[in-house]
Structures are given as C-alpha cells and as structure tokens.
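K.L.:
Protein sequences, first through last, are from chains A and B. Sequential numbering of the first sequence, starting at 1, is according to the working numbering. Sequential numbering of the second sequence, starting at 1001, is according to the working numbering.
A few of these clues could be false.
[Stated by the list, open to error] Residues from chain A shown here face chain B by an in silico Cβ test under 8 Å; the list is partial:
| hint | residue |
| --- | --- |
| 1 | N29 |
| 2 | L32 |
| 3 | I127 |
| 4 | P128 |
| 5 | Q131 |
| 6 | V200 |
| 7 | A212 |
| 8 | G214 |
| 9 | S215 |
| 10 | P221 |
| 11 | F231 |
The set of hints was computed from the structure by calculation and includes no laboratory data. In this text, a Cβ means the ideal position worked out from N, Cα and C, and glycines have one as well.
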Amino acid sequence: MNSSTLLGITTFVYLFTMVLYFYYLFFRNKKLGRTIKALTIVGLLVHTAGLILRWIESYQLGYGHIPLTNLYETLVSMSWCTVLVLLIMQQRFKSDVLGVFIFPIVSIAMAYASLSPNVQDEIEPLIPALQSNWLTYHVLTCFLAYAAFATSFGGSIAFLMKNKKNGIPTGGFLDKLPELNLLDELIYKANAVGFMLLGVGIITGAVWANYAWGSYWSWDPKETWSLITWFIYATFLHARLTRGWRGNKTAILSIIGFLAVIFTFLGVNYVLSGLHSYT
Amino acid sequence: MKNSLLRDLWKLLTSLTLTIITLIILSLTSIIGTLIPQNESPQLYLQLYSPSTYQLIKRFHFDDMYHSWWFTTLLALFTLNLISCSINRLPNLIRILTQKSKGADEEMSSLPLQKTLRIKDWSNHTRDELIRIVKKYLHTSLTYYPSAESLNLFAEKGKYTRLGFFTTHLGIVLIIIGGMLGNYGYQGFMKVAEGETSDTIILKGSSQQKQLDFSIRCDEFEVSFYQGSQRPKDFKSSLTIIEKGNDVLTKVIEVNDPLYYRGVYIYQSSYGTSPDQGEVLLGVEQKTGEKKTKQYKVKIGEKVSLEEKGYKVKVKRFVPDFTIGKNKEVVSRSQELNNPAVQVALLKDGTLQDEQWIFLKFPDFHGAKDAEYRFTFLDFSGKEFTGLQLTKDPGVWVVWVGCILLTLGCYFVFFTSHRRLWVKVEEKKGEYLITIAGTSNKNLESFSQVFDQIQHECKQLGKTAS
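All chains, full assembly: derive it from the sequences and hints.
P.N.:
This is how it looks when you write it as structure tokens:
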C-alpha cells in the first residue's frame, strides 16, 4: 500500500460523501446524517494516513520533506485542512449540512490532484531555497486560513439561499441549515480566524523570504494577491465590526474574498509567474 | 470658517468610508502590477506590448507601480486614515480604561444580561462564597463594598483587550514605517570566484556599482546534486570578511543560512562557472589518414597550433548553458554548467576554414560535416564562482515588531473581550435578593454561557444555606 492508493481511496470516500450530502438534503433521513459524519471522519483518517505515508516515502527516497511542496501535495494538504476545519465548525455550530457546500470543493480538488494529467504526483526533491522549517509554518498557516475562508464561503452561500426565503420554513433542505443569525455568526468567526491566520501566513512567508532571499516583501504576484485577499477580508471585518453590516452584504463580501483566495492559491500559478511558480 | 474646514477634513480622515474606499482601490490597482511584469527592461516590454501600450505603461509607471508616486500616495492616504481613526477613538478608550465603576445601582438596569435570585439566609460565609464564585470567572479586577446586610460588587476581566484594535493599527503603521526605512538600505549582487576577493556589488534595479567598506573572500565553493539528477541539493560557500587587511570573520553560508556582518546580510544566491578564465580540453581528429585523437588544452579566446603545419584551432567562445535566443543567436540560459558548449574555429595560415559549436554533453553532434578535422569537447575546467546577494535594511526590525503587534492585536480583537459583572445583594422582607448583571463588549453569546454558570452556582449557594 502506498500513499497514492490511500489518497485515491480518500478521493472516492469524499466523492461518495458529497453524493450522500446531496441525497441528505432532499430526502430527510436522520440516520444518514450520522453516516455522513462517520464517513467524513473515516475519509479524514485515511487522508491523514496517506499524507503521513507520503512523508515517510519522501524520506525513503532520500529527500525527506513535508508533503507541501508541489501542486499535487498542496491540493491534497489544502483539502485535508478544509475537511478538518469543516468538522470543527460543524461541531461548534451544531450543524451537519454545511459540508454540502464544502465537499464539492474538496472532492474536485482531490479528484483533480489524483486524476489530472497536469498534476504530477511524484515526490520530488526540494530545491535549496525550499529546504527550511519556515516552509511548514508558512504553508500550513496559509492553508488553515484558506480552509477557514472555504467554510465561511459555504456559510455565505447557505445564508444567501436561506435569506432569499426570509428564513421562513419551506419544508425543504433550507430548514436543515442553521438559523440565519447563527450562519452570520459562523461567517464572521470563520473570516476572523482566517484573517488572522492569513496574516500570520503572510508574516511567516516574509520572515522566510528575508532569510532565504534577503527581502521580506518583493511584490511578487502571489504575495500581492495574498495581500489583496487580506484587504478584502479586512474590509469585511471593518464593515461588520465598525459599521455593523450584517446579512447579504457581508455574505457577498466574503464570497468575493473566497474568489480572491482561489485565485491566490491556483490562479496565480497558472496565469501569472513569480517566486512561487514552483508550487 | 477655517475651523469648520478643518473639522470636515478630520471627519473625512476618520471616516470608515474612506478606509473601505482606499482598501478597495489599493486592492484593484495592486492587480495591475501582477499582470504587467515589474522592473523589466524596455526590450522585454516592447516584445510583450505595442509601442503605444508601452508608452501608456511608462506614463502611469505600471512597470514599477508599487514604487510609483500615485501608489505611494494611496498608501500614505491609507496610513493617514489609519492613524486618524486610531487617534479619534483614543479619548473614549482612555475614558473607559481609567474610569472606576460606581457600583451596581447606576449601571445595572441597562445591561443585556440580568438575573435576580432569592435566598433565605445571608451570612459572612455566603458572602465569601459568592465572592469566590465571581473571582473564579472574572479574576483580574474586583472591587466590592461589603456592609453587614448587603453587598455591592463589581468584577471585570480583559479590560486592556480593548486596546486590541489600537495594537493592530500600530503594528501596520510600524510595518509601513519599517518599509520606508528600508529605502535607506541597499540590495546588491556580487560574484566572487573561489580564492578571490571582492568589495563591490552591483545594485539591484539600477546596475550601478557600490563599494563596500569591507571585502569578501570566497575560500571555497561547493555544490551537491540529488542522486542521479541535475537538481542541486545544496550549495554553500565558505566566506571570509576582510576589513582593513585583516580577516575578521569566517562562515560557511548556504541557501536559507546567510551571514550577518555589521548590518549587512550576505546570502547564498546562485553559482556558476566563470567563462573568462576557463580552459577547454579539445579532442582533435584528422578525418583523412590515421584516425587518432589528439588532445589539446586551450584557454578561451586563445589559439593553439595543430600538428599539420599552418593549421591552428581557436576557441572563440564558451557558454555554460547553450541555447538559441529569440533572434537565433547563441545565448547562455544560465550561468550553471547545464549544457556547456564552445565555438571553435579552424584556421589555415590565418584564414578561417571552418567554424562550429561543439558540446560537452553531446559528443556526437557536429555542425560541420566536410571539414578536415573533427573536434570534440572533452572537458572544461573553469573557476567556479559563488553568487552572493547583499542586503542592508535598517527598517527590518521595525517591520518585525510591527508584525508581532499586528498578530497580537488581531488576537485581542477577535478572541478576547472585556467582560464586566455587577452583583448586588439586598434584604427585602426577610429574603435576600441577589441581582446579577453583566455585559461584554464582544462575543456576548459566549459570555452569557459564563453568566449562566455563575448564576447557577449562586443558586446552589442559596440551597446549601437553607
């Protein structure tokens, strides 16, 4: 058994979870809720095992690095962070349906990583600039931030859908979503956590860049886009905390923020070039 | 008139609308610089864009937009707005931080969390118990005014977390100040061959030279590769700093482990082989007659006579990483020995007979087919040089302090709150009324859970007493 097999299994578990989620939305079935939660946890455990095994394999190949260093690894690790944060948020906000907005993203990311011919899944040696502990701190904080933003994105979509019906019970799946004020709270909390983590991610990146290249900030496209993303969430937080914006406006702002996150994570590497072009 | 103008200006500077607008404009304009390459040569821009577009780029400084006057102005406006907003909130903040609670009666009625309990007995013991319960949850500051039959108590926690926004903003201002101080430093590049010493760098962006007040000697350079591949695993240089003729410091540096000397960081940045002093080992084989390869050592740019009279071979050019450029000319892709090639010329009595490129890694490839001689590129020995980047940034520590304050501030803003609790006990018709009221400046939901816990424990107090 190698890491690719385990991560492949994870992909299928997640895809299956996604299908179950859709089923769960339209057909009320209490047992299914528990099955989905169990399946998510199983998926996450296999996922964790896959990542650890890949880490071990990299040592066996003589490279020895944490699986955070190419597109395949970042997609897989990013998905891991997202599922973890989702589980925590579902627990905190006592909702078992938020995953319906998150699992399509996670499943697509995992399937794309495993199946796309554009994504190399070989373990590669690290160029000297990447051989640093700061790699772990920097990438992990950024990914946890992205995961928090993904959850707030899910919450925002849920909020907009539910708010369209003014929160009145419709007998459909919208009733299963948390109450509007709870969703609003979730969006705020997730964005606050994400904002701080992204800040720390940018800072650890700056410390590392200063140590490796002698300059903490060079307006490289990825840096600039992460700053843009941070500005968008700063706008969200000020609008909400200082101006008291609630509801649709803040939900839309946090959706825009998440689009910036996706562009920062993937778009920059495909469309633009710079220091981060090796990931 | 003058006063009202100033007041309007202050109002504008302290408005959140201005903050949101500058944040949006900063975000949108920042995108431009990620689409248009920054700080490149005019040639590159003209390859990418039409001359008229290039003129437009030049006019708006889009080729170096993050340092342009208009982007700097935007950043300055953002900073001014940030400072003004922070100052504007300061008086109110100081008032909250310094004022003392006047006790329960005045403030209790308007608070969001309220609960009244009744208990039968009241003694010094129950009073101490009640204080203990409150202290368990809000321990930092406690003021109480006990009398025999009543209690009036005020407790709070996390008062100074109200400074969170101020800390965050101060952090951002420090980062910007540190960035500005960075302009008083420099960044440059230096190549030093093994065994040699240098004290001049080429400044980044301007290609001007700068003399340092110390010099650097490269004692040794070493590069290692991953097994069976061309990917460098590690490269390191042993450097010695020389000041006024004395060796003062020696350190082995590698990528991610620079050398620090008197405010200057010296980074391992690249490496290469110097083509200037290299020597090429050529194999020469005469096509007619006996097929025997003779070897010649030739310095780059020099000639050597072959056995046959009148014939000479000249090594005209050397490139470490051969490739064909845009205009079909030979260029070197990098300074590393990835695809070393030399251009050799065959001369007979001083006139050019033949000219060709030969490759170290592709010995079977020959440009000229019908020449009298066959040349092969057998070996190359050149001086390896180390590429060093030197940075002096007097503002970097200010930036780090700013980063720490920013992170701490964010933590205080999002994850802590100033919680206040008032408790009043008074006798009424043989019973004792305990009124508990509380508030929190943020995250009232989570404080209400603590509040419930407190009142639950106070209820127990009544039960044990009766």
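K.L.:
Of the numbered hints stated earlier in the document, which are not met by this structure?
P.N.:
1 and 2
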